[in-house]
Amino acid sequence: MIRRDFLRHLGVSSAALPFLSGLPGLAAADGKKKQRLIFMFSPNGTIPWEFWPEGSDLNFKRILKPLEPFKSQVLTLRGVNNKVDGDGDRHMRGMSCLLTGTELFPGNIQGGSDTPAGWAKGLSIDQEIKNFLQSREETKTRFGSLEFGVAVPNRADPWTRMCYAGPNQPIAPIDDPEQMLGKLYGRMKDKESLVSIVDDVREDLVRVSKNLGAEDRARLEEHLTLVREMEAELSRTDDKAELVHPVPDIDPNIELVNDNTPRISRMQIDLLVNAMANDMTRVATLQYMRSVGMARMSWLGVKDGHHTLSHEPDDNKDAVEGLIKINEWFAGELAYLTKKLSDTPEPGGEGSMLDHTLIVWLNELGKGNSHTLDDIPFVLIGGKGYGIKTGRAMSFDKVAHNRLWLTVARAMGHETKSFGTAAFCEGGPLDLG
Amino acid sequence: MGKYFQFTAFSALILSAMPQDVASLDLDHHPGKAIYQKLCVDCHGERGEGVKGKADDALVGSRTLESLADRIDRTMPEDEEHLCVGEDAKQVAAYVYDAFYSAEARARNTPARIDLSRLTVPQYQNSVADLILSFRGDNWIPEKRGLKARYYGDRGHNERKEFRDQKKPDKFERVDTTVKFDYGEGVPAHAEAKEFSPEQFSVRWEGMILPEETGIYEFVIKTRNGVTLWVNDHDRGEESGKKTIDGWVAPHNDVREETGSVYLIGGRPYPIRLDFFTYKEKAASVELLWKAPHGVLETIPERVLSPEWAHESFLVDVPFPADDRSVGYERGTMVSKAWLEAVTAGATMASEYVVEHLDELAKLKRDQPEPDRDKNIHEFAEKFVARAFRRPLSDEEKERFVRAHFKETPSNDQAVKRLVLQTLSSARFLYPDIAGPANPDQWTIASRLALLLWDSLPNEQLINRLNKGEFKDPKKFDQIVNEAVWNWRTRGKMRGFYHHWLEMERADELVKDKSAFPEFDPTIAADLRTSLYAFLDGATWGKENAGYRELLLSTSYPMNERLGKVYGTGVKGDFQSVTLDGGKRAGLITHPFVLSYLAYHNNTSPIHRGVFLTRHIIGMPLKSPPMANEFKDSKFDPSLTMREKVATMTKSQDCMGCHVTINPLGFSLEHYDGIGRWREQDRGKPVNARADFHAEDGRTLPLGGARDVAEFAANTPSAHRTFIESLFHHLVKQPVRAYGNEEMETLRKAFEQGGYQIPNLIKQIALTTVNHSSAPNERFASQ
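From first to last, the protein sequence lines stand for chains G and D. Per our numbering, residue 1 is the first one in the first sequence, and the count goes up by one each step. Per our numbering, residue 1 is the first one in the second sequence, and the count goes up by one each step.
Since the hints were derived computationally from the structure, they do not count as laboratory data. The C-beta atom is built at its ideal place from N, Cα and C for all residues, glycine as well. Wrong hints could be hidden among the right ones.
[Claimed, not checked] Examples of chain G residues toward chain D, derived with CB under 10 Å:
hint, residue
1, 108
2, 182
3, 219
4, 224
5, 226
Based on the provided sequences and hints, a complete structural model is requested.
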């Protein structure tokens, strides 16, 4: 019932929207740099020989080519494995154990020929860091974290959820830009519509009251006075002026169908960057489809579903070509996100937003047709001053990905010795400095 | 002084006992006036308005002229009663009665008028819901109960392929009364489930749910397995729709609880669907429960489920400020900032909902060419506004309320959003009577009918009959009104009437002292509420044993096993009608729920019960007590009976002005304890329920118990008037007198002639009010 409370005071209070104020956060005042974190997920593994750069220099192959302009800020991590074992097929574990670093409960959801499984046993790293940031006055934001989705099917199971607020507590991403816009700026959008009709309502009140006797007209006069007050309040509070960044000018009434995915993706990225620019959150996830995702990327000329393609053997040239294109497309969306952050000056701070943001690109598998959870194509971008040295390709010897999350947590100021399954944290944070 | 005239009135009872032509009275030269000026005016004022410090209250009331004369003879002027007796008392009484005391005199002095009214909160909620529903088709409430159940041998609500290929039975259908199954390590028990395997099967339950109360319902599923629940969701598809509960993933095989909440308006049907599956789990079980407002967590009972499908209803769940009820009933005569905010928020929600469901509501087809699509949307928009305004739009109105929006913005969605927002914020929607002609046309009549009977706007059926010209044919119109009375929506409105008339809000926080009434727990309270509603429904709408007299005189109530244990009747299972205490009951006034909430937490309360009977059943108005006087049990000798305590507490003359009426009525219910059980003793002494009751008409009636009170009410016109007036106010939300001085008597006669059947009375109220002119004030004032 949050919604009704939310609408309850819709735009008719002069003290409206205090939380929308985009004033520079306290972090800037105490001299500490504002830090943000974005996880972007795409499914079904990659094509390793067109993904991993050769050597330690970033000689991008086809898939990472779109990131060329940001080369100096990119770090690829090879040899980082999702070692979480137990119930559930690899797509499930790949997805639900990716950010949680812990096992799934036994359950009733069957995938492949593995044992059925349920939800993850612990919270995900984005939520861990969100909780940390929200616990401190200087890093607290209105939402703490935002979970964006693109073309995520409307059903809850271990293949569709990677964020967890706790054991058995999956968080649903919002994959409808209109819904997200409503969540971020609902009152203001509602106001715009109200402003457009309130004068007509007033005029009509005057019109109908002409036919009434004196006593009844007096009653309507009270109504009219209230409408006038509302009109005055609506024109008095110019909320846009309070925002550092205006509400993105998008048409959110977009149909959530496969072929609209490219437009939805850009809208979601615009909204994400906008929400961060206005300091509504410092942690965000952006989830494309789901593990086993079946997007049909007709806009790339790829006719088959993504997951079907990913099962094809390496010698199926057409399939491999399709998969390369698909992964290139994801890299392109990542590049768009990066560019958007890089083009936006840090509000109330120095440099660009990208200088204050660490992006992590994730996948639930290393490679589609082997269903391996080894060599997950991790890419880190940005994070200047996070203690992470970018502009290179790093290789590890089969380290558990839990250790990467310890590094990310530390980079965000959150020192924790263990995250997820403790055994996988042995050796501590990966040194990316 | 003046305290003897205790029976003043808000309530306007029109007494037909004095058929005097008021217009012909020359009150200025009335012989009683001279006496009044001499003996009464000092305390009661020039026009009986009262004099501060002497006779504070206005000299108005509902006594008959004879009774008034008698009282003046005996008691006035105070301490000098001999000054005004016999013929003088009669003269002064006649003057007082006709000049300002009687209801007629008051009606003449302050003519009642029909106020311009906005939609009350229930009217707003139902109107918005039905407006949007009308684009989906109407809902109905079938007789059948339970849920349709489809069982499958496969985990995905399909037949298993190998079984289908071999033509072996792998699914079956039936109606389940409730959803409460423990399959253990086996499969559903059914002849056609022989081929089922415990390793995997699935079930889908579908139908409608019929909530009784308005508020937030908490749904709970207790299960070991995977479940999804949709309540009031149209899409009910696999991949879409708002899931009330998404518990598809079973985190373990132990029984767990999945919960979800939905706001529902009582008296309306909603679609419900529950999907269940088990797969490679040791055991399977599922139970569907809810906690209704004022209810307890319980398996959703059969009586609120039906195996037919209902359309989704859009509900505005914005909190509204309460409607004004300062005149004794809720009406839409006050506007406030909080109200405008709520209306605006409601309109915003509705506009978003309409845009979100535009394809469905405007019946757009996939891949429809753009121009056709635009045309459909425009047609939908015009229809939407016309239905909201309850009349066809003129060309100028179409331009202003519809076309202007499509001209202003190129986006259809945006235009629809704005026009819905404007329409639902418009005075034409919010004040249903505002835009019609002074002499009501058919559209006004249809609008008033729907508002009066349903708290809503005309449905498709009414509009169709209007368009066929059937409103103009008196016979057909009679039939239309009759059908409308029997529409399920009227039942919802009648629930509201009983809630108000029987002061059921007193039961909102009903708890009893654990040591005094250990049996009375929240489950019993919830069951009693259900029992009372079922009793009232039966007496109102039943095919036999129904009517106002049944309401007062029935000796049986719906009881279930739990209630049976507390109230001493051996009922097994769910609710069924049983006679309580060998017939020592009297309809609603001895219903255990009413008796429980009209009682203290550890004892009876003859005062609460007596006041209720006086005001609502017998129909005598009461004033507030002259002094605040709280009943404190601890102040009394604990060996005293409740009756003795109350008699002691109210014995002063100040109190007795009203308590002379309240106490005998309250004492008549002393055989029923604080939770409404029959008792023979109070504090070890035999209960004394006998008392003399002084009726308004001067009669003294010896009461022997509850049945005497009920019999008196069932056979007394003034009690009938009270019922009629309460019902009238709830339905019409305007004063009865505003429809003419004859209105009450017309209705009373019709009630009597119609055998006191309540649907017939509702119909009469509708027929006598829906076509009044819009300027009744002037009309009646000039009479």
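We went through each hint and held it up to the structure:
{"no.": "1", "hint": "108", "result": "holds, 4 Å"}
{"no.": "2", "hint": "182", "result": "holds, 8 Å"}
{"no.": "3", "hint": "219", "result": "holds, 5 Å"}
{"no.": "4", "hint": "224", "result": "holds, 9 Å"}
{"no.": "5", "hint": "226", "result": "holds, 5 Å"}
The structure shown violates none of the earlier numbered hints.
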